[in-house]
Structures are given as structure tokens and as C-alpha cells.
Amino acid sequence: MFVLLLCCSALLSGCWNREAVWEATDAHRSSVVRPGESEADRLYRHGRDCMDTIERDDCAIDYFEQLIELGPDRRELIGDATFRLVELYRRHDKAESATLLLRKFWELGMGRISAGVVPHSTRFAPETVTTLFMVDVERLEQSGLHRALPQDAKDMMFTCDQALRERLGEQAKARREAKEQAKLATMTEKEREDYQRRRKQLRFGRGDDKSKGKSKPKEIETVYSAGGFCKLAAALGLADPRDFEKFLGASNHADQRVSLAIMRIDELEAKLAAAAEAGHIVAEPMPQIEGRDLAAMTQGMRDKLRVWTLSDFEYDGAPVQLLTLDRGELTMAPKAMIQGLLQARAHDQDRLHPKLQELLGQVPPEVTFVSLITPEATAAFLAEMGTMGRLLPNPAGLMIAAVVYDYAGLFVRVPTEDSVKAWVLLSLARKLIVNEDEAARAGEEDFMGNLDISQTRDGKALLMTNILTSGAVTNMFLGG
1 MFVLLLCCSA LLSGCWNREA VWEATDAHRS SVVRPGESEA DRLYRHGRDC
51 MDTIERDDCA IDYFEQLIEL GPDRRELIGD ATFRLVELYR RHDKAESATL
101 LLRKFWELGM GRISAGVVPH STRFAPETVT TLFMVDVERL EQSGLHRALP
151 QDAKDMMFTC DQALRERLGE QAKARREAKE QAKLATMTEK EREDYQRRRK
201 QLRFGRGDDK SKGKSKPKEI ETVYSAGGFC KLAAALGLAD PRDFEKFLGA
251 SNHADQRVSL AIMRIDELEA KLAAAAEAGH IVAEPMPQIE GRDLAAMTQG
301 MRDKLRVWTL SDFEYDGAPV QLLTLDRGEL TMAPKAMIQG LLQARAHDQD
351 RLHPKLQELL GQVPPEVTFV SLITPEATAA FLAEMGTMGR LLPNPAGLMI
401 AAVVYDYAGL FVRVPTEDSV KAWVLLSLAR KLIVNEDEAA RAGEEDFMGN
451 LDISQTRDGK ALLMTNILTS GAVTNMFLGG
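Note that the UniProt record's numbering numbers the sequence shown so that position 127 is 127, with each residue one more than the last.
These are calculated hints, taken from the structure and not from any lab test. Note that beta-carbon positions come from the ideal geometry of N, C-alpha and C, so glycine has one too. Where hints are given, some of them may not hold.
[To be verified] Heads up, simulated DSSO-like pairs for lysine-lysine below, C-alpha to C-alpha not over 30 Å straight-line: (1) K94 <-> K183; (2) K154 <-> K183; (3) K460 <-> K94; (4) K200 <-> K179; (5) K190 <-> K154; (6) K179 <-> K104; (7) K183 <-> K173; (8) K94 <-> K104; (9) K173 <-> K154; (10) K173 <-> K190; (11) K355 <-> K104; (12) K104 <-> K460; (13) K304 <-> K335; (14) K271 <-> K335; (15) K154 <-> K179; (16) K271 <-> K154; (17) K190 <-> K179; (18) K183 <-> K200; (19) K173 <-> K200; (20) K460 <-> K355; (21) K190 <-> K200; (22) K355 <-> K335.
[As the list claims (entries may be wrong)] Just the calculated beta-carbon pair ranges, DEER-fashion: (23) D293 <-> D350: 49 to 59 Å; (24) A274 <-> E96: 30 to 40 Å; (25) D316 <-> G291: 22 to 32 Å; (26) A254 <-> R175: 54 to 64 Å; (27) R45 <-> Q362: 40 to 50 Å; (28) R45 <-> G300: 17 to 27 Å; (29) R302 <-> A178: 54 to 64 Å; (30) M286 <-> S311: 16 to 26 Å; (31) E96 <-> Q196: 56 to 66 Å; (32) A278 <-> R167: 23 to 33 Å; (33) Q196 <-> R175: 34 to 44 Å.
Work the whole structure out from these sequences, hints included.
Below, the structure is given as C-alpha cells:
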């Protein structure tokens with residue numbers, strides 16, 4: 001819901017150029033190819049040498065531009081070259097080139113589409129799951145941006161220490177309020193009125209008037225947001241979810257009780273054995289699977305049908321259980337969902353919602369974070385937004401991805417067949433910002449500062465791209 005609000009706010013405050021496309025410069029340097037080296041590898045190697053070793057930005061830009069133009073099906077090269085080139089463009093006041101290059105992100109090097117960004121066990125999730133997200137902790141911690149973040153920001157992302165989280169949250173709130181008051185203090189009365197008017201524009205339509213004054217019933221949390229991630233981490237002798245290599249949460253947007261989590265964990269078997277010995281988890285008898293004879297299975301297959309129950313933890317009044325549906329992966333779900341997951345694994349059935357499978361195939365493999373939402377769930381979220389939701393074109397789902405190197409690139413794609421309505425909305429967004437205060441969007445550490453909104457060439461999708469520095473990420477979590 002937060003990201004949908006962000007997208008809508010962005011659409012009412014971003015910029016758009018329908019015709020402009022990224023183009024490389026004309027000057028192309030030549031270089032020696034090493035034996036067995038492809039042209040793509042050569043261009044990438046020379047670009048990195050120019051940028052990191054001899055510190056020649058002009059030659060780095062040239063080689064990386066050549067690589068992007070070449071367009072090899074090498075996402076690992078294209079991704080890093082794109083972000084390095086964006087950084088170089090920004091160093092040399094080429095903001096427009098950086099923006100246009102980011103718009104190409106979803107198109108570059110996508111010849112090798114792969115659903116391997118999520119744990120293998122994801123395919124056994126029931127079709128009733130309509131939303132999912134995944135965080136690749138291992139990839140995040142390898143990034144330069146993560147190394148540059150203050151410890152408090154890292155703790156705010158992952159800590160299971162509720163007292164620490166509350167303390168950091170209060171400090172962040174105080175910093176945001178102080179920042180707001182300092183900003184208002186420098187304004188004239190007229191400037192404050194204009195500022196408040198723009199803030200109201202960004203809040204426009206978030207819920208209909210008839211809903212004002214009515215208290216919404218408290219929503220049921222998912223099994224993982226209701227303490228499941230932290231309880232499982234503790235049971236396995238881990239500090240918090242940052243000790244997982246990768247974790248995924250999936251749920252039904254209308255019924256959060258249909259929810260599960262999948263974690264990829266290093267040395268999982270040893271951790272499960274230690275947790276069972278300590279009584280943190282309890283091994284259950286081997287289940288009976290309709291249509292399968294357990295005695296006829298290999299030991300490896302039987303290992304994938306094991307069930308444990310988390311001790312001293314219930315969700316919605318029932319036990320929470322664990323499965324090892326694939327090597328190195330642990331699935332956590334309410335007991336009511338376990339038999340269906342076992343049945344799917346035993347019969348090797350792909351059950352994931354077809355639209356989620358389709359969206360998943362369009363996600364770049366090097367993402368650190370991804371979130372996918374089906375058309376049904378997207379429409380339901382937009383309906384909650386009242387007037388603003390009705391302004392948006394009929395969505396064919398929602399894809400959000402973040403790629404992290406020395407900085408983060410956030411990419412949001414909203415596929416839609418309603419190209420005319422998408423064009424009208426973007427035109428309206430451009431009109432609304434004619435008199436916008438550009439200074440409010442200029443800072444790198446302002447989340448909106450590097451935001452761009454565009455439409456694909458065929459008009460079949462809205463795109464939002466943004467670059468987040470370590471400072472911007474720190475501000476998001478710690479309030480400045």
C-alpha cells in the first residue's frame with residue numbers, strides 16, 4: 001500500500017518526456033581484446049579500469065556507453081555498467097542522460113529471463129497468493145551502499161529488538177519534525193501557504209470523503225509480520241532476518257491468514273538439528289500424501305516432506321509449522337496450509353498464481369528487493385485510495401524492484417492496456433508541476449530528488465525510476 005501511495009504521489013509531482021530516449025556519445029575508443037575475452041567483457045573491463053584505477057571519467061563513460069549500446073544478454077554486466085554510468089552522468093551534470101538511461105533498465109540485457117530471483121520453493125505457494133516480496137540479504141550486504149549506511153539504519157531495517165526499534169523510530173520522528181519546522185521557519189507566509197497547498201495535492205484522493213470519521217477494522221497480520229520471522233530466527237540461533245541469505249513473504253491481499261514465508265539459510269540442516277535438540281522446534285511424524293507411497297520415495301525426496309512445529313508460537317490461534325521443500329530453504333506457514341504445500345511438493349505441482357509467474361519472469365535477476373502484485377490485488381489497493389485510485393489506468397499488476405550497488409536504483413512498472421488513460425494521467429502530472437518548487441526536488445538525499453515518471457514506447461506501462469544514495473536511504477529510515 002505504501003508503494004502504491006508513493007507511485008501516485010510521484011505521478012502528481014514527477015516529470016515526463018514522452019519522446020526523449022537515451023543515446024550514447026559519438027566518440028568511441030578502441031582497445032586490445034584479451035584471448036578468450038568477449039567484446040562485452042572487454043568494454044566492461046576497460047570501463048571499470050577507467051573509473052576505478054586511472055580515474056578518467058570521460059573514458060569510463062565512453063566504454064560503458066559502448067557496452068550499453070552493444071546490449072549483450074549479460075545482465076550482470078549491463079546492470080553494473082548502467083549504475084556506474086548513471087553515477088558518472090551525475091558527476092558531470094548530465095542528469096537528463098542519467099534519467100533516460102534508467103528508463104531503459106527494464107529493457108537492457110533481458111534476453112535471459114529467469115525466475116531464479118526467488119527461492120525455488122515459491123512455486124509451491126497456492127494460487128490464492130496474490131502478493132509477494134523478496135529481500136536478498138546476501139546481495140544487499142555485498143553492496144557499497146550497505147557498507148556506507150550507519151548501523152542505526154541497518155538495525156531499523158531488520159532488528160527484532162522491539163525496544164531498539166521503538167527508540168530508533170522515536171528519534172527518526174523527532175528528526176523529521178525538526179526538519180519540517182526548520183523548513184517552515186525560513187518561509188514567508190505566502191511560501192508556507194503554497195507549500196501546504198502542494199502537500200494537499202500530494203494527498204489528493206487518498207480515501208473518499210464518506211470514509212472520513214469511520215474507523216477501519218484492524219487487519220490481521222501475515223504469519224511473518226506477526227512475529228514469525230523473528231521467532232524463527234531466534235529458534236535457529238540467529239539474531240534477526242539479516243542472518244537469512246534471502247527471505248520471501250507471500251500472502252493473499254484480502255485474507256492475510258493465507259500467508260507463508262520462505263527463507264534461504266546457510267547450513268540449514270545443522271541449525272534445524274540444533275533447534276530440535278534445544279526444543280525450539282518439534283519434529284512431526286512423516287505425513288501421508290494422497291497418491292504417493294512414502295516407502296517408495298528416495299530419502300532425498302522424503303527429506304523434502306519433513307514437518308516441524310515452532311514451539312511457543314501460534315498464529316491466529318493455531319500452530320505455525322516449518323517445511324524443507326527444497327535444499328537450503330525453509331518454508332514457514334500456518335498449519336492449515338501445510339498439507340496443500342506437501343501435496344504440491346510430493347507431486348511436483350507448480351501452483352503459484354499465473355500472473356505472479358508472468359511478472360516474475362520480467363524481473364532482472366540481480367535485484368536485491370522485488371515485490372509483485374497481481375491485477376486483482378492492485379485494483380483492490382487502488383479502490384481504497386478513492387479519487388486518486390480512479391484516476392489511474394486499469395493496472396495489469398505491479399512490479400517493484402531495487403538494485404543495489406554503491407547506491408540503489410528503485411524501479412516501479414505498472415503494466416496496463418489503457419494507454420490513452422495512462423497518457424492523460426502523465427500529461428496531468430506534468431501540468432501540475434509547472435509551478436512546482438524545483439528546489440524541493442533538487443537534493444540527492446531527498447527521496448523525490450531523482451524521481452522520474454515515464455511511459456513505455458508502446459504506452460502499455462507506466463514506469464517510475466529513482467536513484468537512492470546512502471544518504472537518501474538513511475533519511476528514509478532515520479529521518480535525516
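Against the structure, the hints:
1. Only pairs whose Cα atoms come within 30 Å are accepted, and K94 paired with K183 is accepted, the gap being roughly 28 Å.
2. Distance check on the hinted pair: K154 and K183 sit about 27 Å apart at the alpha-carbon level, within 30 Å; holds.
3. Between the alpha carbons of K460 and K94 the distance comes to roughly 28 Å, so the proposed pair stays at or under 30 Å and holds.
4. As the CA atoms of K200 and K179 are separated by approximately 19 Å, the hinted pair is consistent with the 30 Å bound.
5. Using a Cα cut-off of 30 Å, the hinted pair K190 and K154 is violated, with the two alpha carbons roughly 40 Å apart.
6. About 35 Å separates the Cα atoms of K179 and K104, which puts this hinted pair outside 30 Å; it is violated.
7. Straight-line distance between C-alpha atoms of K183 and K173 comes to about 15 Å, which keeps the hinted pair within the 30 Å bound.
8. At roughly 16 Å between alpha-carbon atoms, K94 and K104 fall within 30 Å of each other, so this suggested pair holds.
9. At most 30 Å may separate the alpha-carbon atoms for a hinted pair to count; K173 and K154 meet this at roughly 17 Å.
10. Taken as a hint, the K173 and K190 pair is honoured in the structure, with Cα atoms around 27 Å apart against an allowance of 30 Å.
11. For the proposed pair K355 and K104, the alpha carbon gap of about 23 Å is at most 30 Å, so the pair holds.
12. At most 30 Å may separate the alpha-carbon atoms for a hinted pair to count; K104 and K460 meet this at roughly 15 Å.
13. Restraint check for K304 and K335: the C-alpha separation of about 17 Å stays at or below 30 Å, so the hint holds.
14. Taken as a hint, the K271 and K335 pair is honoured in the structure, with Cα atoms around 22 Å apart against an allowance of 30 Å.
15. The straight-line distance between the Cα atoms of K154 and K179 is roughly 22 Å, inside the 30 Å bound, and the hint therefore holds.
16. Of the pairs offered as hints, the one joining K271 and K154 holds, with about 24 Å between alpha carbons and a cut-off of 30 Å not exceeded.
17. For the proposed pair K190 and K179, the alpha carbon gap of about 19 Å is at most 30 Å, so the pair holds.
18. Using a Cα cut-off of 30 Å, the hinted pair K183 and K200 holds, with the two alpha carbons roughly 17 Å apart.
19. Distance hint between K173 and K200 is fulfilled; the C-alpha atoms sit about 20 Å from each other, no more than 30 Å.
20. Between K460 and K355 the alpha-carbon distance is near 16 Å, which keeps this suggested pair within the 30 Å criterion.
21. For the proposed pair K190 and K200, the alpha carbon gap of about 15 Å is at most 30 Å, so the pair holds.
22. For the hint linking K355 to K335, the alpha-carbon distance of about 26 Å falls within 30 Å, and the restraint holds.
23. Distance hint check for D293 and D350: the Cβ-Cβ separation is about 22 Å, which falls outside the suggested range of 49 to 59 Å.
24. Between A274 and E96, the C-beta spacing of about 55 Å breaks the proposed range 30 to 40 Å.
25. For D316 and G291, the hinted distance range of 22 to 32 Å is satisfied, since their beta carbons lie about 29 Å from each other.
26. In this structure the supplied range 54 to 64 Å is violated for A254 paired with R175, their Cβ-Cβ distance being about 36 Å.
27. One distance hint, 40 to 50 Å for the beta-carbon pair R45 and Q362, is violated here, with the actual separation near 29 Å.
28. Between R45 and G300 the beta carbons are some 41 Å apart, a value that contradicts the proposed interval 17 to 27 Å.
29. A hinted range of 54 to 64 Å holds for the C-beta pair R302 and A178, which are about 59 Å apart.
30. Roughly 20 Å separates the CB atoms of M286 and S311, a value that falls within the hinted 16 to 26 Å.
31. Here the CB-CB span from E96 to Q196 is close to 31 Å, at odds with the stated 56 to 66 Å.
32. Separation of A278 from R167 is about 30 Å and conforms to the stated range, judged on CB atoms against 23 to 33 Å.
33. At roughly 21 Å, the beta carbons of Q196 and R175 sit outside the given window of 34 to 44 Å.
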